[in-house]
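Undergrad: Here is what each chain is made of, one letter per residue.
Number of protein chains: 2
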Amino acid sequence: MKDFYFINQTKILFGTGKITSLIDELPNYGGPILLVYGKNSIKKNGTYQVIVNSIKELGFDFSELSGVPSNPTLNIVREGINLAKKNKIQTVISVGGGSAIDAAKAIAAGSLVDHDVWDFFNSDKRPKVALPIIAVPTVAASGSEINGGTVITNQDTKEKIGIGSPCLNPKVAILDPYLTLSLPMDYTIYGIVDMFSHVFEPYFNGEVISLEIQDNLAEALMLSIINISKQFLVDPQNVENRADLLWASTLSFYPLLFVGRGKITFEVHIIAHAIGGLYNIPHGAAIAVIIPAWVKLKGKKDEMFLKKAARFSQKCFKNENINDTSDGNDIFELITRWFSQLGLPTSLKVFDVDKSECDSILLNIDRSQKGLLKNRLSDNDLEIIVRNLF
Amino acid sequence: MKDFYFINQTKILFGTGKITSLIDELPNYGGPILLVYGKNSIKKNGTYQVIVNSIKELGFDFSELSGVPSNPTLNIVREGINLAKKNKIQTVISVGGGSAIDAAKAIAAGSLVDHDVWDFFNSDKRPKVALPIIAVPTVAASGSEINGGTVITNQDTKEKIGIGSPCLNPKVAILDPYLTLSLPMDYTIYGIVDMFSHVFEPYFNGEVISLEIQDNLAEALMLSIINISKQFLVDPQNVENRADLLWASTLSFYPLLFVGRGKITFEVHIIAHAIGGLYNIPHGAAIAVIIPAWVKLKGKKDEMFLKKAARFSQKCFKNENINDTSDGNDIFELITRWFSQLGLPTSLKVFDVDKSECDSILLNIDRSQKGLLKNRLSDNDLEIIVRNLF
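Top line first, the protein sequences correspond to chains A and B.
Quick note: the first sequence uses the working numbering, first residue 2, plus one each step.
Quick note: the second sequence uses the working numbering, first residue 2, plus one each step.
In short, the hints are calculated from the structure, not lab data.
Do not rely on the hints blindly, as some may be mistaken.
Pairs involving identical chains hold if they fit within one copy or between any two copies, as the list cannot separate such chains.
Listed next, the in silico DMTMM-like pairs over lysine to aspartate or glutamate satisfying Cα-Cα at most 25 Å (straight line) [to be verified]:
1. LYS172 to ASP120
2. LYS89 to GLU384
3. LYS319 to ASP236
4. LYS316 to GLU358
Since we're looking at a predicted model, the values are computed, not measured.
Please construct the entire structure, taking both the sequences and the accompanying hints into account.
TA: Rendered as structure tokens:
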């Protein structure tokens, strides 16, 4: 096990109807308040009204930033920062998917500095302070509500870059499964793939491959996600099942589960970010197309991967017909069969991105994710993966 | 899943040699400092000198409270509180097993109030503030370094009572596997049983019996502990293995793993506390004698237990020759076989406590743990368990 340092100060409030606890939490941080959200769906299910009523009842001033897109842009972050500075915002509430929470984090850090917020993403500069954030996820997917990471897309340069800092950890995460009920089937399933990938990547892509406790815990969580996803297909409106999904998503990116693995290279995510910077494809959908291509590549050349893949197949897919070492095809088939049950896309073509875009994607990986893949995936590996996305 | 609230602000520093980081952490909390520890073993392995040198280099005054016994007493806590008040202590460093850390917590809370510290244990009053604590466990067992619980024995009334408060969470936990290397075989094994029981009890004794994610994670952690214990027997001085044990013990009592189960009744621990209040038996050893007796009782009468026991046997002991419902004997045999491999005692007689003490034990359960077992174990159940401890 590698040395590690861990701290996570986010307070979690979990339960159906917990959004009503916002009124108890807000006075700890104060106003004026900036409310960051995405689409108008929070108005339809009443969440918006509960939040606004709570703010008004406490007598705080507030501003709104709506329309955060699903790959949150630098533009909307800059707009939020201007609002925050102008209105002397003290607390940021973000309601929505990972995009709304990620945007809120960048705004919370950017509004306390004089330089442009993008400096945090394209240089070594990292946020040291940020406004307090209260995160209310309405999508079970990113786990952004429980960690200090944020991923922002620069719409001009097509770079989609992730950074992290402990000061970006939300002070409070309100996990209210009821708020996720209205999310459509396809986006819920994209969320399932996203949370799965947050465990799958450290499991396969850590500097230390094999760790007794961490491997067992990761397998337990991946098995849980697979089981819950199947229950979800049978009964999508079951709130107990949605509660499980929401809790799984939060745990999946809870940093405690990665510790001791040393450096983790999120190879699949890095490719997904390069694609997300170019095309407006839902993050989880991109992940769903990349994972099988990535598994196929690893299965052809990586001995360590094949050993672990055998264990993964046994523990997460209860596949007993597997040897001590995978042949690469078995894990590929188990994953693609599960993805196919979930009705996930198998090609970027579904999102009107054609095979002729391969070179643009490869170029954007090279340009925007430069250095992150060092010693992990060669240019040739990347080319094989990207050509398999169609 | 039941609603829950979770926050854990302890900073974890993990790695061999991490005790040297104390010098970087101390200035955040300041002096004068109270150093709480148990036996002189920390002087033998050099830990004491590293700590004292760090304190002196920073120029802080410090006092010492040594000789904390393995079931920490109210007497030693009161002595620590007097010292802390007299010397205007600002930070408490505790080095040792769960006993030293539990004593430090009671001192940290008791030195900020005017009333007697025992009021926190025998009334509804709970600590609201406490001095900052830096915990340095030298035994992989209690998990006290990562939570807000403390268990103190009143040597006069023979009550051993546990309480919890978020303010008792250590600010920093320094997990340095090297410091656990000198712990003798028998105490290391008592620690293994203790950490196992911290996962085993919520798994079987939560208000909500069956939870997809939480059950899978608990099984993963129990399986890890069983596996590591077997590796430990083969190579007790392997520091990687000690690192696994230390990390497992911390995770085992990390409150995040219990959430969503509603009220958890630590039935085995409650009985162990009543015994620990009467006789100076190592906590983990008492747990090792009680678990089989408890399993035997449950196996005879509790349908829910038998269902879950079957799953437990499959997942944690890889026993495939088990049906959907356990017959009670299977789980009993798996656990006792493992305990026997570890060389654990099977009777309290080993500690010079005779069967004639049954009534005293039952009386002390009734007196000191009154109410905690409500609707869980009847007087008759308790009598059956206690008679089986010999």
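Undergrad: Hint by hint, note whether the structure agrees.
TA: Evaluated hints:
Taking the shortest alpha-carbon separations for LYS172 and ASP120, only the intra-copy value of 24 Å comes in at or below 25 Å, while the best inter-copy value is 32 Å. In this assembly of identical chains, LYS89 and GLU384 lie within 25 Å of each other by CA distance neither inside one copy nor across copies; the values are 48 Å within and 66 Å between. In this assembly of identical chains, LYS319 and ASP236 lie within 25 Å of each other by CA distance solely inside one copy; the values are 23 Å within and 31 Å between copies. For the identical chains of this complex, LYS316 and GLU358 are neighbours neither inside a copy (37 Å) nor across copies (46 Å), given an alpha-carbon limit of 25 Å.
Checked against the numbered hints above, the structure breaks hints 2 and 4 and satisfies the rest.
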